[in-house]
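Asks: Here are the chains, one letter per residue:
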Amino acid sequence: MTPLLEARELVRRYSMRRGMLGRPVEVRAVNGVTLRLEAGRTLGLVGESGCGKSTTGRMVLGLEAPDEGDVQFEGAPMPPPGSLPWRRQRARMQMVYQDPLGALDRRLPIGVQVAEPLQIHGLPADATRVHALLRQVGLRPDQAERYPHELSGGQRQRAVLARALATDPVLLVCDEPISALDVSIQAQVMNLLVELQQQRGIALLFISHDLRAVRQMSHRVAVMYLGRIVEEGEPDAVLHDPAHPYAQALVSAIPDPTRRGNRIVLQGDPPNPAARPSGCAFHPRCPLAVSLCARQAPALKPRPGDGRLVACHVAQGEAAPMRKAA
Amino acid sequence: MAGAALVEIRDLAVAFDRTPALRGVSLSIGKGESLGLVGESGCGKSVTWLAALGLLPGKARVTGSVRLAGQEILHAPPATLDRVRGGRVAMIFQDPASSLNPVHRIGRQVTEALQLHRGLSGAAAREEARRLLDQVGMPDARRRLDAYPHELSGGQNQRVMIAIALAGQPELLVADEPTTALDVTIQAQILTLLAEIRRDTGMALVLISHDLGVIAETCERVCVMYAGRIVEETRTERLFAAPSHPYAQGLMAALPPIHGPRRPLAAIPGSVPEPWAMPPGCAFAPRCPRHVAACDAAPPPLVAVTPGHCAACIRPGAVSARAPLSPELLPA
Numbered sequence: 001m002t003p004l005l006e007a008r009e010l011v012r013r014y015s016m017r018r019g020m021l022g023r024p025v026e027v028r029a030v031n032g033v034t035l036r037l038e039a040g041r042t043l044g045l046v047g048e049s050g051c052g053k054s055t056t057g058r059m060v061l062g063l064e065a066p067d068e069g070d071v072q073f074e075g076a077p078m079p080p081p082g083s084l085p086w087r088r089q090r091a092r093m094q095m096v097y098q099d100p101l102g103a104l105d106r107r108l109p110i111g112v113q114v115a116e117p118l119q120i121h122g123l124p125a126d127a128t129r130v131h132a133l134l135r136q137v138g139l140r141p142d143q144a145e146r147y148p149h150e151l152s153g154g155q156r157q158r159a160v161l162a163r164a165l166a167t168d169p170v171l172l173v174c175d176e177p178i179s180a181l182d183v184s185i186q187a188q189v190m191n192l193l194v195e196l197q198q199q200r201g202i203a204l205l206f207i208s209h210d211l212r213a214v215r216q217m218s219h220r221v222a223v224m225y226l227g228r229i230v231e232e233g234e235p236d237a238v239l240h241d242p243a244h245p246y247a248q249a250l251v252s253a254i255p256d257p258t259r260r261g262n263r264i265v266l267q268g269d270p271p272n273p274a275a276r277p278s279g280c281a282f283h284p285r286c287p288l289a290v291s292l293c294a295r296q297a298p299a300l301k302p303r304p305g306d307g308r309l310v311a312c313h314v315a316q317g318e319a320a321p322m323r324k325a326a
Numbered sequence: 001m002a003g004a005a006l007v008e009i010r011d012l013a014v015a016f017d018r019t020p021a022l023r024g025v026s027l028s029i030g031k032g033e034s035l036g037l038v039g040e041s042g043c044g045k046s047v048t049w050l051a052a053l054g055l056l057p058g059k060a061r062v063t064g065s066v067r068l069a070g071q072e073i074l075h076a077p078p079a080t081l082d083r084v085r086g087g088r089v090a091m092i093f094q095d096p097a098s099s100l101n102p103v104h105r106i107g108r109q110v111t112e113a114l115q116l117h118r119g120l121s122g123a124a125a126r127e128e129a130r131r132l133l134d135q136v137g138m139p140d141a142r143r144r145l146d147a148y149p150h151e152l153s154g155g156q157n158q159r160v161m162i163a164i165a166l167a168g169q170p171e172l173l174v175a176d177e178p179t180t181a182l183d184v185t186i187q188a189q190i191l192t193l194l195a196e197i198r199r200d201t202g203m204a205l206v207l208i209s210h211d212l213g214v215i216a217e218t219c220e221r222v223c224v225m226y227a228g229r230i231v232e233e234t235r236t237e238r239l240f241a242a243p244s245h246p247y248a249q250g251l252m253a254a255l256p257p258i259h260g261p262r263r264p265l266a267a268i269p270g271s272v273p274e275p276w277a278m279p280p281g282c283a284f285a286p287r288c289p290r291h292v293a294a295c296d297a298a299p300p301p302l303v304a305v306t307p308g309h310c311a312a313c314i315r316p317g318a319v320s321a322r323a324p325l326s327p328e329l330l331p332a
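Protein sequence lines, in the order shown, are assigned to chains A and B. Letter by letter, the first sequence follows residues 1 to 326 of the UniProt record's numbering. Letter by letter, the second sequence follows residues 1 to 332 of the UniProt record's numbering.
Bound conformation, chain A alone (with noise of 0.2 Å):
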């Protein structure tokens, strides 16, 4: 079967200069990653700031060219930017963002911002359409007269959300759609997500740095670390029994009320990607490192075993780990 999006190797090049005189240095972003998501299906893409998970993101909806790999979506390749095929295609493809006060534009009412996509793809734009698609959401039809800053925050994605349905997409990626939200907003979105993929078949591409909200949202779960996939799975078995220490790290620094005590703190800061380590990205910070880690970048591939798909020399036995003392 076919998956409804594959990315294959994307990678994501910026130049940045450091200081007003400075050489420009290459940042990358991405750095080689491949994902595929069934329709219907969620993909949780957990990590970080700056391991580029909102850039992989914009680039398999097209909002952003990849330098090098390519996307493909319902099996065909995705059409140059700005062409016809491509504004008729991202009608099938909508953007979720964080902040939804960002994403709205204050200045019109919520009604008149759910209209809009209806209208630039040439869809009945009727209120009858709107109320539905408000109704669909959680929110009362005559709140379509209300400016954004007249809703709470769970309402204004509430509204983001009606906005992105509107166009009837098969897909939706959602970059952190509740980080802004408070706890019991949070839990209303992701039910309201979870039930319209449910009721429409929506696939999900659910962006977060929330190991807690990607396990209730996702059927699986890629992990990434300075633009890389370093470990993908069904998210109770990565959640469960990560096998990158990355992975490791991340699930222990959950809080979590129940434990107390032997968590794995890491060192070091999150890296830079404009200075990316050599070998593995991870290796300056990683318990386990061995020399091996630092010369050559491990793949993503499976583990012997249970095919755990893990990038990682120790975790796929290629090298026996060495624990440095603390």
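Keep in mind that the hints were calculated from the coordinates and are not lab data. Positions of the beta carbon are idealized from the N, C-alpha and C atoms, including for glycine. Don't take every hint at face value.
Part of the chain B face toward chain A, derived, beta carbon under 7 Å [stated by the list, open to error]:
(1) S99
(2) V214
(3) L265
Add chain B to chain A, keeping to what the hints say.
Replies: Positioned in the frame of chain A, the structure of chain B alone reads:
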């Protein structure tokens, strides 16, 4: 416990332009204790401490009492407050980059605090600043004294903020969402650091957070706040084992579990009431699954349900935290 309290807050209320933000908060912190304040945005957890330390703008109307080791500090003269703030009570905030001065070197910002609160200057201050940066786990502390905030990462800047807070050898550190702007692995580092500092210095800690998990790992006692009031107060293990207030139960049930089957989350329906449209009775009543007519009569007082465990609810219950509160997924 009243005699041994380091900070004793009584009936603290704050209003901005006659709109109440804090509606009567009483709490106390013992010497060396760690207290968590948890709640959603706008519940008053930060305002409590900004008001207590006189850090709110002039238009805020603050009433009540705040005693530090028996001495009233609310509306105290500036000279008194200057000795308290940064000295006996230090505060760190969510975004370290905006709390630090971008045009001054780290070393100067740490030594400034040392000069103000400990009278150190010159080489002695610089040496002490280096020691503090070492204490907060800053790698290569001596060279970092000459760095500017933009040259450091978010986690390192938060370490600098903690070093500045420690410069006055405070008896109490108020940390307002200290890890919210940081990545999870860095959050783990900072929480571990705060626990180590408490162990080494015997300092009391107030941790303000929206994240129950962060509070659970760091604090001995916890206050859950909702709409400007404390709705539940107890030992942290007790809150997680047997939350009593329906809001505390709802907060826990809304958190996606790490283990066990995945099912729709028991979301709390609706949203927090606006401060200018507070319900007449319990502020949580419109969202509450246990709501009865009596809830709308008057705001319920915080009373003990068992010794050491208080809840502001006329129908407190020991419902298990994981029991779904409402079969509905979506609010009307």
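Asks: None of the hints should be skipped; say for each whether it holds.
Replies: Going down the list of hints, with the structure as the test:
1. Checking S99/B against chain A by beta carbon gives a least distance of about 19 Å; that is not within 7 Å, so the hint is violated.
2. For V214/B, the interface hint holds, the least distance from its beta-carbon to any beta-carbon of chain A being 5 Å, beneath 7 Å.
3. Proximity of L265/B to chain A holds as hinted, the smallest CB-CB distance being about 4 Å (cut-off 7 Å).
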